[in-house]
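Colleague: Residue numbers (the working numbering), protein chains in the order written: chain A, 434 to 697; chain B, 78 to 428; chain C, 6 to 283.
Heads up, some of the hints might be wrong.
Claimed, not checked - Restricting the straight-line Cα-Cα distance to at most 25 Å, the calculated cross-link-like pairs of lysine-lysine (BS3-like) are:
hint, chain 1, residue 1, chain 2, residue 2
1, B, LYS185, B, LYS242
2, B, LYS427, C, LYS57
3, B, LYS400, B, LYS417
4, B, LYS236, B, LYS400
5, B, LYS158, B, LYS417
6, B, LYS384, B, LYS253
7, B, LYS404, B, LYS158
8, C, LYS57, B, LYS417
9, C, LYS129, C, LYS139
10, B, LYS400, B, LYS287
11, B, LYS427, B, LYS417
12, B, LYS287, A, LYS660
13, B, LYS242, B, LYS253
14, B, LYS287, B, LYS225
15, B, LYS400, B, LYS427
16, B, LYS225, B, LYS185
17, B, LYS158, B, LYS185
18, B, LYS384, B, LYS400
19, B, LYS242, B, LYS417
20, C, LYS57, A, LYS438
21, A, LYS660, B, LYS278
22, B, LYS384, B, LYS236
23, B, LYS236, B, LYS287
24, B, LYS287, B, LYS384
25, A, LYS660, C, LYS129
26, B, LYS417, A, LYS558
27, B, LYS404, B, LYS253
28, B, LYS242, C, LYS200
29, A, LYS660, B, LYS158
30, B, LYS400, A, LYS660
31, A, LYS558, B, LYS404
32, B, LYS225, C, LYS129
33, B, LYS400, B, LYS278
34, B, LYS287, B, LYS253
35, C, LYS200, B, LYS287
36, B, LYS404, B, LYS427
37, B, LYS404, B, LYS417
Keep in mind the hints are simulated off the structure, nothing from the lab. Owing to the predicted nature of the structure, the values given are computational and were not obtained by experimental measurement.
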Amino acid sequence: MREEKPGPLWLRLYALTVYLFLYTPIVVLVLFSFNDSRRNSSWEGFTTRWYVTLWHNELLMRALLNSLKVACLATFLSTVLGTMAALALSRYPFRGREAVGALAYLPMMVPEIVMGIALLTFFIKVGIQLSIVTVILAHVAFSVGYVTVTVRTRLAGMKGNLEEAAADLGATPWQTFWLVTFPRILPGIMSGALLAFTLSFDDFVITFFTAGIGATTLPLKIYSMLKFGVTPEVNAISTIMLGFTIGLLALWSRLESDPKSLGR
Amino acid sequence: MKDRLQLLTLRPTRRQFLQAASLLGLGCLAGGCLDHPNTLNFYNWSLYIGPDTVRQFEQASGIRVNYEECSSADVMFAKLKIGTEGYDLIVTPDYMLRRLIRQNLVQKLPRPVPGERLYERLRHPPWDPHQEWSIPYLWGTVGIAYLKDRVIPAPDSWKVLFDGKYGRSITMLDEKRDTLGAALISQGFSGNSVQPEELEKAKQALLRQKQWVRRYTSDFIDDLIRHETTLALAWSGDVHQAASDPTVGYAIPREGSFLFVDNMAIPRAAPHPEAAMQFILYYMQPEVAAGVTNGCGYANPIEASEKWVRPEILTDSLTYPSKEVMKRLVFQEDLGAGEKLWDHIWEEVKR
Amino acid sequence: MKRFLAWALVLPFVLYNLTFVIFPLFTVLYQSMFTIDAEYNVSQQASLDNFKAAFSAANLEVMWRSARYALTTTAACLLLGYPLAYFIAVYGGRLRSQLLILVVLPFWTSYLIRTFAWTTLLQKEGVINAVLLKLHLISQPLQMLNTDFSVILGLTYGFLPFATLPIYVSLENQDRSLVEAAADLGATPVQAFWKVVFPLSLPGVISASLITFVPAMGDFVSAEILGSPETQMIGNLIQQQFLALFNWPMGSALSLVLMLLMVTSMALYMGLAGERDA
């Protein structure tokens, strides 16, 4: 057990300042969701009406729904593909392993805008109509690498003894996987999935280029609002999402204190 | 308690996991992508319609409307150009319609429209003289929005945007036709010029102006209200939407300006052209068009709608300019092969 | 059997990446070699004109600016993120995971909105100016929006958590007894830090730099929301080529140049860092 020291004063102050830097815009964002003015500029008094109008803002709600749809499907697909690849990479030696491992890092090394235009060009050249499907395909393309890396990191810390034991006891590989391996790597898969979901849900750039009809996600909607005037409804929806996340995380962090699995 | 803990630590059994996963997948798939024959996919700008227009149309016609917003005319063109299918009705600027027709991206209206309901001036526009391809949707003017208490006297010339008198506190529109057009007019040329020498002078004016430009943006009103800027190249209707703020004024310079007209048209690949046609005819009823004007502050093209337009809008010279101001306004025309040059200059200016 | 299983597992992933990452990047390369006509149609004649144009003086200035912004952002992220990560890893105690969650939490709100929130703070009649005026630190409101400063601030804010996490991981895994050993041998805490802790955390610092530099270099959101015509980045140019000028070939050429810049600078950086490491 490490003994607990509070650390030097200057370091504590420094850390506090950085937290302030991180949270000031968030506080402002939340505050202005209660501002009694259409504009996000000066404080005009307290109101909760934006939360009501938000509920009736069909376009914004549909955008939220689209975002959830895209993020769910993209997360599901990239988690399956990424986990399979991570298993292969960490469990079995095979020729080309290095190359496949590098492939997982590739989307992280390509700037989003380049990925966006590359996918747009590709879809058009191949003759695929832009739609919500192209958005999902694009999201899987950039998040699957993150899942692979995350799950692989988790797998790296585990020894294969249990699997061998299971095999010795006569379990088929299929049984071994579902009964032994899968439960052990589930937390890792969940971290990967959470990461993929976060990335997909907030993605603007790649969605911007690959979205077709019926695929206006929340970030796209927010972008068009930024172009023509934001209303505090956007602040309200951000506040709700933030509150939701805090609740979920508070729950999670109490039960599973493994911070490394959060965020990229 | 222990079961609960297990659930919360996200360690479900394999069956639960699979069930959840497949439910997730199916739930996501259902609800989307189901094409309905009685649908209208309407692609329009943000905040460019009455608050109830869509709902009332749905009730009157039984057609379900998918209202999609686009963030600029250019994005819309890009989407059509790359062959995006699915839009039934688009709203396109006057200058862009000829290009859309030339490139075979829009189709003729399936039935004749009652063109006589339009204002005289909009009845035979150069981009579509006989309403074969389109019908005007809304119109407005390009001018200068300014803070009344800072800009004294009120601007009456484009020069005020180009002489730097108010320092680095200007925004210009992020649309080449408006910004480069205004620069051309300020230099004494036609706002639709394709003469290289004239465009060169306009470009120089814009490059010189850049030191005073805070940004090229369509959301100029926000910056004005926050007092970040004092002057903006502006669209009339957006100023109207902010009319609750009495500090913002709007002027159309004496050198003249643009009367811009946005038009409804039906893309070539529209899956439901008939629904689009129904919306067009629905919209051309005076009460309906008036509802859109009342909702978004831009004038509509239907003359008889004036009876239903709120009097404070009708009498506001911001939305309905006087006869003599109207004389100074010109349409934004198709540039033909000159467009390339405009693009080139715009690229240089914005870089 | 095992090898077959490995390939069966990895094949979908590989195929997906080939189809939706590698192949699209090649279509960009292909596209960059054509030009467009007055109706925005792509011509049939291949040429390298786009690359000549991509390296025009004006474009080089934008690229240099993007690189400067991205480097400044990376430096700022390390400067802010390292002490924070150090504080959490070494002194966080029981609250470590909560403190770390606090770092990533802001990032469950939209990047666009987070960036936009800064306008409210930075504007002339905004919170920061009001505080500074009250404290009589300034007599005139500062113009902070639409400047280099605001764009770099937006980028730094956007990527700080990405920079903090890898540093944290590299610090957390360190054996603290090394520091104690250094102290026993007479090293001051400062010496112990620079001789022991920092070198061991270098891998974290390197991945933090990359994970900040890459998205910062290609970003166009911060410059669009917080910037001015004088702060355009290469991402803005690419976006404009695609969506306002419809010159996809030119936009493709610019993207490739961006990739080239990125790869070169990363190789350079890795080389330098590797040397230090060794």
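Colleague: Okay, which hints does this one fail, numbers in order?
Modeller: Of the numbered hints given earlier, those the structure breaks are 1, 3, 6, 7, 10, 15, 16, 19, 20, 21, 22, 24, 28, 30, 31, 33, 35, 36 and 37, listed in rising order.
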